[in-house]
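2 protein chains.
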Amino acid sequence: MSDKEIPNIIVGRLPLYLRSLQRMKKEDRQITSSQELGERIGISAAQIRKDLSQFGEFGKQGTGYTIDYLIKQIRRILHIDQEWDIAVIGAGDIGSAVARYKGFANRGFRVTVIFDGDPGKIGAQIGDFTVQDSAYMVDMIKKTGIRIAMIAVPAAKAQQVADQLVEAGIQAILNYAPINLNAPSNVRVQYIDPSIHLQRMTYYLE
Amino acid sequence: MSDKEIPNIIVGRLPLYLRSLQRMKKEDRQITSSQELGERIGISAAQIRKDLSQFGEFGKQGTGYTIDYLIKQIRRILHIDQEWDIAVIGAGDIGSAVARYKGFANRGFRVTVIFDGDPGKIGAQIGDFTVQDSAYMVDMIKKTGIRIAMIAVPAAKAQQVADQLVEAGIQAILNYAPINLNAPSNVRVQYIDPSIHLQRMTYYLE
Chain A
1006 MSDKEIPNII VGRLPLYLRS LQRMKKEDRQ ITSSQELGER IGISAAQIRK
1056 DLSQFGEFGK QGTGYTIDYL IKQIRRILHI DQEWDIAVIG AGDIGSAVAR
1106 YKGFANRGFR VTVIFDGDPG KIGAQIGDFT VQDSAYMVDM IKKTGIRIAM
1156 IAVPAAKAQQ VADQLVEAGI QAILNYAPIN LNAPSNVRVQ YIDPSIHLQR
1206 MTYYLE
Chain B
1006 MSDKEIPNII VGRLPLYLRS LQRMKKEDRQ ITSSQELGER IGISAAQIRK
1056 DLSQFGEFGK QGTGYTIDYL IKQIRRILHI DQEWDIAVIG AGDIGSAVAR
1106 YKGFANRGFR VTVIFDGDPG KIGAQIGDFT VQDSAYMVDM IKKTGIRIAM
1156 IAVPAAKAQQ VADQLVEAGI QAILNYAPIN LNAPSNVRVQ YIDPSIHLQR
1206 MTYYLE
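Those protein sequences? They're chains A and B, same order as listed.
Anchor point for the first sequence: position 72 equals 1077 in my numbering, and the numbering is continuous, going up by one each time.
Anchor point for the second sequence: position 199 equals 1204 in my numbering, and the numbering is continuous, going up by one each time.
Think of the hints as simulated: they come from the structure by calculation, not from any bench.
Treat the hints with care, as some may be off.
One copy or two, either will do: identical chains are not told apart, so a pair holds if it fits within one copy or between any two.
Dumping the calculated SDA-like pairs for lysine to any residue here, alpha-carbon to alpha-carbon at most 25 Å [stated by the list, open to error]:
hint, residue 1, residue 2
1, Lys1031, Gly1097
2, Lys1107, Gln1195
3, Lys1030, Ala1160
4, Lys1107, Ala1129
5, Lys1162, Arg1018
6, Lys1148, Leu1210
7, Lys1031, Pro1159
8, Lys1077, Ile1184
9, Lys1148, Ala1188
No experiment lies behind these values; they were computed from the predicted model shown.
Construct the complete structure from the given sequences, taking the supplied hints into account.
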């Protein structure tokens, strides 16, 4: 990997390219072009070529991209040529759905543990998982070396959980609680809040 | 509302301001500043002032913003001074979690119907909802005038469902299926795909 810093916004588009390429592969396709990829994603071909050129030379003028090869390269760039273990915090509806979610397979992730603090939920079975007591969360995460967590607890508890996760060594948090989290700058946080997405659309509805 | 077109990226930040303001209100706060709001969200105070100034004068120099008033104004701008009905398509884990999700309350939305095509799911009870047969989806959405839908079906079926929703008059789609959707330009689409968010973070993990 080169030393130059790639803008966030470019890094943010790579997963979209990868998802489209993986779908093409599922369709038994072998070659694609920045043109076709762009049409599928709604981004210009020029932008895609420019983005990819930040990371190396992945295609040949006129022959396009070998899908398999480009998938491999983007997976390597995004550090998902390995599978990352994920801890889910919160065994409510969202946490349970995420823990059972089949969509992580082949995308670089697998949920390995789910925690909750509610005595009524601890020990319950969710898919293949037994809900663990969050009192042991920090220790268990430290011991297993898990570095990615998803927070699916109520908003009022999310910051406290985030603080514990940081203490446990978590470096990337996907937060489903509808609240902004404070975390040290070396810990990445991304957010999923469906109301935010919906509000971004109703603005345009008369 | 003025005639000038506000950039997407500014519209996209308003829901974040609103969420923070609503949280302050829950904490029984009455006045805030762009400074404080910025610290909570991780955006500069200047940016917040600039964004809000696109829509009008909401605060006074030196006295800050009245939280209640600013909430009301942003809700009006985002057209969530009303409650929007939402149709959920897909009664799997994600669709079920979304249908039962309490987080839409007070944020402008309520799920009013959930559809699935699987005979094993049609008629099942999910929270307060009975799963409806998606064979009647287009007609029911047309009749009820619902304009917002969430897609929570497998990727392979998502485009077909989206086409039906467009036919039914849906104007905003929140898509949980991990696939890019083609929709006419008058139909807004937003995406929730946790793997995409996770991949945006693993890039930064060594």
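Cross-check of the supplied hints:
1. Lys1031 with Gly1097: between (33 Å within a copy, 22 Å between copies)
2. Lys1107 with Gln1195: both (20 Å within a copy, 21 Å between copies)
3. Lys1030 with Ala1160: between (39 Å within a copy, 14 Å between copies)
4. Lys1107 with Ala1129: For lysine 1107 and alanine 1129, both the intra-copy (20 Å) and inter-copy (22 Å) Cα distances are at most 25 Å.
5. Lys1162 with Arg1018: Cα proximity of lysine 1162 and arginine 1018: across copies only (24 Å, versus 31 Å in one copy).
6. Lys1148 with Leu1210: Classified as between; 19 Å across copies, 50 Å inside a copy.
7. Lys1031 with Pro1159: Result: close only across copies, 14 Å inter versus 37 Å intra.
8. Lys1077 with Ile1184: So lysine 1077 and isoleucine 1184 pass the 25 Å test across copies only (19 Å; inside, 35 Å).
9. Lys1148 with Ala1188: within (21 Å within a copy, 47 Å between copies)
No hint from the list above goes unmet by this structure.
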